[in-house]
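Colleague: Quick mapping for you: the protein sequence lines, in order, are chains A and B. Letter 122 of the first sequence, counting from 1, is numbered 122 in UniProt numbering, and no numbers are missing. Letter 280 of the second sequence, counting from 1, is numbered 280 in UniProt numbering, and no numbers are missing.
For the record, the hints were derived by calculation from the structure and aren't laboratory data. From a predicted model like this one, the values you see are computed outputs, not experimental measurements. Errors might be hidden in some of the hints.
[Stated by the list, open to error] Under the rule of at most 25 Å between Cα atoms (straight-line distance), these lysine to aspartate or glutamate pairs were calculated in the DMTMM-like manner:
id: 1; chain 1: A; residue 1: 12; chain 2: B; residue 2: 35
id: 2; chain 1: A; residue 1: 12; chain 2: B; residue 2: 36
id: 3; chain 1: A; residue 1: 12; chain 2: B; residue 2: 274
[Unchecked claim] Covered by chain B, according to a simulated footprint, are these stretches of chain A (three or more residues, beta-carbon under 8 Å):
id: 4; region: 4-12
id: 5; region: 32-43
id: 6; region: 68-80
id: 7; region: 85-99
id: 8; region: 119-128
id: 9; region: 170-179
For every residue, glycine included, the Cβ atom is placed at its ideal position computed from N, Cα and C.
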Amino acid sequence: MSLLRPTIAAAKLLLVLTVILGIGYPAVVLAIGRLAPGRADGSLISVQGKVVGSALLGQAVTDPRLFQGRPSASDASGATSGGSNLGPGDVRLAAAVSEREATLRAANPNATGPIPADALTASSSGLDPHISPAYAAWQLPRIAAATALPMADLETMVGEHTAYPALGFIGNATVNVTELNAALAARLDR
Amino acid sequence: MSPLLQTVLALATVGVIVAVLGYPLATWLHRVFTDERHWRVERAIYRIVGVDPNTEQRWSVYAISVVAFGVVSVVALWLLILVQGWLPWSFGRSQTWHGALNTAISFTTNTNWQSYAGEAGAGHTVQMLGLTVQNFVSAATGLAVAIALVRGLARAGADRVGNFWVDLTRGSVRVLLPIATVAALLLILGGVIQNLNAPSVVQTLTGGPQTIPGGPVASQEAIKMLGTNGGGFFNANSAHPFENPNAWTNLLEIVLVLLIPFALTRTYGLMVGDRRQGRLVAAVMAVLFAGAALLTTWSETAASTLATGSMEGKEERFGIAWSALFGTATTATSTGAVNSMHESYSPLGGGMLMLNMMLGEVSPGGVGTGLYGMLVLAIITVFIAGLMVGRTPELLGKTVGRKEITYAALASIIMPTLVLTGTAISLLLPSARAAMLADGPHGLSEMLYAFSSAGNNNGSAFAGLSADQPWLNLSLGAVMFLARFGIIVLTLALAGALASQLRRPVTAGTMPTHTPIFGVLLVGIVLLLAGLTFFPSLALGPLAEALS
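Turn these sequences into a full structure, and let the hints steer you where they fit.
Modeller: Printed below as a string of C-alpha cells:
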C-alpha cells in the first residue's frame, strides 16, 4: 500500500483547512469583535483621557491611599502571567505568607480582625483584578486615614464596585480593585 | 454559601445546560456522520484534495490516513513555529527546536501541553495559522475515530468503517466551526479580547508600567474549550482575565468542554439503534464526573491544611467551587486548561485531578476520545463479566473474541506503560529532576502529573515543572505521540474486527449492556484498572503528602 497518496491528501487537506479555520474563522471573529470594540480591545479604562490599564487586570499598587489587590507572582507586570505554583506544604509558601502578613500589619495599624485569605495568597493569573469584600473592608481604616475622606463615602465607593454572584452561586462576591482605585484616584484629584 | 453546596448547585446547572444543548447536538452529529450528501463547500474541498468522498475505507486505510494527517500536521506546525520570526505579528517570540517539536506534537495530538509561555513563545500568526487550526482538526480527528468505532458496532458483515477525509472535513466544518463561532461571540461579550494588537505598555494608576496584551484570543479560546484542547493563549491559561474574565465566561467554558463528549453518547445510541446504550454510557460518565468534582471541592475545603485556606493559585472571581469544577471538567475531558494552579491544590485535591486523567480520559473524556475510550473499557467489562458467568462475551451482538479483546487490552495498557515508564526514567535523570520546583512527595506528583497529562493527551500541568528542556520536551513529546496514535490505530483495528462480524441474535443468555448492573460493573472496571495500575505511585505522591 502506498503511503504517498494519503500523505499528499493530508497535506492538501491541512492547507485547505488552514485557510478556512486559521484565516477565515479568526477573521470573522475579529469582525464580530469590532461590534464591541471596547471589550475586544481589553476593557481599557482611562483617567483624564489617558489609558491607565484594563478593568480586567489587577495592578501593582504602591500608593497607600489606594486599595491593594491580591499578591502576584509576577508583580502584575502583564508581560507574563501565572501563579507561584507552590504546593500547600512548601516552606517557601509559608514564608511568603508570613512575610505578606507582616507587611500588611505594618501598613495597616488600625485594621481590625484577621487578614482575609485572599490578601495573603497569590492569585492564579498574577493579574487578578478582584479582592473579597472582606479584604476591601479590612483596608478601609488605612485608606480613610491616608485620604482624609469620610468613611461613609469610602464604604459607598466600595459598594459601587462590589459584585455579587448571580442566583447566589454563579461565581464569588468580589470587589474590582482596578475600577475602584480609578474612581478613588479621580476623586482624590478633584 | 459553603463551597460544597456551591459545587452541587453548579453541577446541577452545568448538567441541565449540557443536557439541553447536547440533545439536539447529538441528533445533529448523527445526521452529519450518516448524511449521504455533501455540502457544496465540502465537494470543493474534496476536489482540491483529490479524494473520492463516496468511497469508504477499510480500517487499515482509515488508520493510515489518520496517522498520515497527524504526521503531516506535526511537521507543518513544527516548521511554522521555527520560522515565526519571519512572519508578521511575531513580536520576537520564539521557541527552541525541541520546544517547538514538543508544541507541534502536543497540539496535533489534542494534548496541548505547553512547555512555552504563550506570552513568550507564540505570536499571533502561529496562534491562528498553527494552534487554532490544530485545535479544530485534532478534535475532529478524535470525533472521526469515535464515529468509525461506532460504525464498527452498528454494521454487520462490513469491511469498511467510513472515509477519514470526509469525517474530518464534516467534523470541522459542520460541527466545530459553527459552535466555535457562536461561542467566540459570547466570549467577546463577556470581555475576552479579540484583536491583532501588539502588547502595549501603559502607566498604571500609581505610575508603574503594565503590559496590556493583545491577540486573537476569543477565536482561540472558543475552540480551545469546545475541542477539549486546552492550550492557553497566555501562560496563565483560563485563569488570565483576558481568556476568562468572569463567572459567566467560566460557566460557558465548562459547558463547552463537556458538550460534545456527553452529546456523543446519545449519537452512539442513535447510530447503533438502541438509545439505552448511549444513556448507560452517559450515566457512567456523569457519576464519575460528579464524584470527582465533589471530592475535589471537599479536599480544597475540609481537607485543606492551611490557615489561608486554598486560595493560593486561585482567582477571586471563581473561588474554590468554580475552580474545582473547572479543574475537574478540564482534567476529566482531556482539555487540560486551568483556571487555577493545580500544583497549589491540597494534596488530595491535586491527586483527584491527576486521577481524572489516569482513568484514561473517559469521564467523559475528550471529543471522540472519551467515547472510544469508554467503549474499549465496555468491551473489557463484557469480557470479564463473560468469564465470571461462563458465557460468550458480546457487545451489541458482536462477539468479543481473541482478536477483539487483544486490541482492547493493548489499547488500555499503552497509556499506563508510557506514563509509568516516562515518570520513572525522568525521576532517575538528574537533568529532569533539576526541572522540578518541589521535592519529596510533591515533587513526585509534579513529574507523575506531567507524564499522566502527556500519556492521556490532556495537557494540564503542575506548572512548577520547568519542562522546557531537551529531555522533557522530547520524552513528553514521544509519550503524547505514541499514546495518541497507538490507541487510535488499535481502536480502528477493533472497529474493523467488529464491523466484519455478523450480529448474533439476542437470546436468554445475552448479558444486557444497558442496565444499571452493567453500569456498576463498568464503573468498577474503570476504577479498578486505574487503581491497580496507579495506586503505588499515587501512594508515594499525593497520598503520602496528605498524610504527612
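Colleague: Take the hints in turn and mark each one as holding or not.
Modeller: Checked hints:
no., hint, result
1, A:12 / B:35, "24 Å, holds"
2, A:12 / B:36, "23 Å, holds"
3, A:12 / B:274, "38 Å, violated"
4, 4-12, "holds (count 7)"
5, 32-43, "holds (count 8)"
6, 68-80, "holds (count 6)"
7, 85-99, "holds (count 8)"
8, 119-128, "holds (count 9)"
9, 170-179, "holds (count 5)"
The structure shown violates just one earlier hint, number 3.
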